Amino acid sequence: NAGVTQTPKFQVLKTGQSMTLQCAQDMNHEYMSWYRQDPGMGLRLIHYSVGAGITDQGEVPNGYNVSRSTTEDFPLRLLSAAPSQTSVYFCASSNTPSGGVSEQYFGPGTRLTVT
Amino acid sequence: GQQVMQIPQYQHVQEGEDFTTYCNSSTTLSNIQWYKQRPGGHPVFLIQLVKSGEVKKQKRLTFQFGEAKKNSSLHITATQTTDVGTYFCAAPPGGSGGSNYKLTFGKGTLLTVNP
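Line by line, the protein sequences give chains A and B.
Here my numbering is used: position 16 in the first sequence is 16, and no number is missing along the way.
Here my numbering is used: position 36 in the second sequence is 36, and no number is missing along the way.
Derived by calculation from the structure, the hints in this document are not laboratory data.
Incorrect hints may appear among the rest.
Unchecked claim - Listed next, the stretches of chain A that the computed footprint assigns to chain B, with coverage defined by at least 3 CB atoms under 8 Å from CB atoms of chain B: (1) 35-42; (2) 75-82; (3) 100-114.
Remember, predicted model here, so these are calculated numbers, not experimental data.
Glycine included, C-beta positions come from ideal geometry on N, C-alpha and C.
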């Protein structure tokens, strides 16, 4: 299994441009989430999904859209990039707790710079 | 929203010294998870604690969950250079066990080890 994959690894955008960060998992996990990581801020939840066709907002959803048409894929769309969206973006997936434990599996991340 | 406070923000130790990071919440937690992120890497799940007063060990790492389920700690005995990284605690929204797909992360403790 490849686990959780993210593309691209690096991206530079100009203010106002749009783009989609791709995330895919091959573990048949129900749940998928997007986090952003900024220096000294830990990881903050942007959006999450509890299954195909079901998404919801996290702590910092403004400026981002998501959709989940399949179990495997959970793309994150930046509608009009702003310098404040410069960050490292992590996608994660998890499943129904097994033995009471539900760990999140993280992808390798996308480092985004908006100029 | 729920906050998980983590201290210290940074810790530099000599190889062989012990290290401890602490997490505190103002609300009772259903469970708490710990993750490790190596420099330039992605968070990797270490452990989940669920029961009041629970203590779990993984080799040189000892994890504790407080009796009131509002605090937790990670202690590393005799640090090694391989322990370098940022350690995060994370918890689901208060009282809602099973929502580990929308975690609130502490800001992390960056551990550096001088060989």
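Inset, instruction - Count the residues of the region 100-114 of chain A whose CB lies closer than 8 Å to any CB of chain B, then report whether that count reaches three. - result: With 10 residues in contact (Cβ-Cβ under 8 Å with chain B), the coverage given for the region 100-114 of chain A holds.
Legend entry - Verdict on chain B covering the region 75-82 of chain A, criterion of 3 CB contacts below 8 Å: violated (count 0)
Legend entry - Verdict on chain B covering the region 35-42 of chain A, criterion of 3 CB contacts below 8 Å: Answer holds; 4 residues pass the 8 Å Cβ test.
Checked against the numbered hints above, the structure breaks only hint 2 and satisfies the rest.
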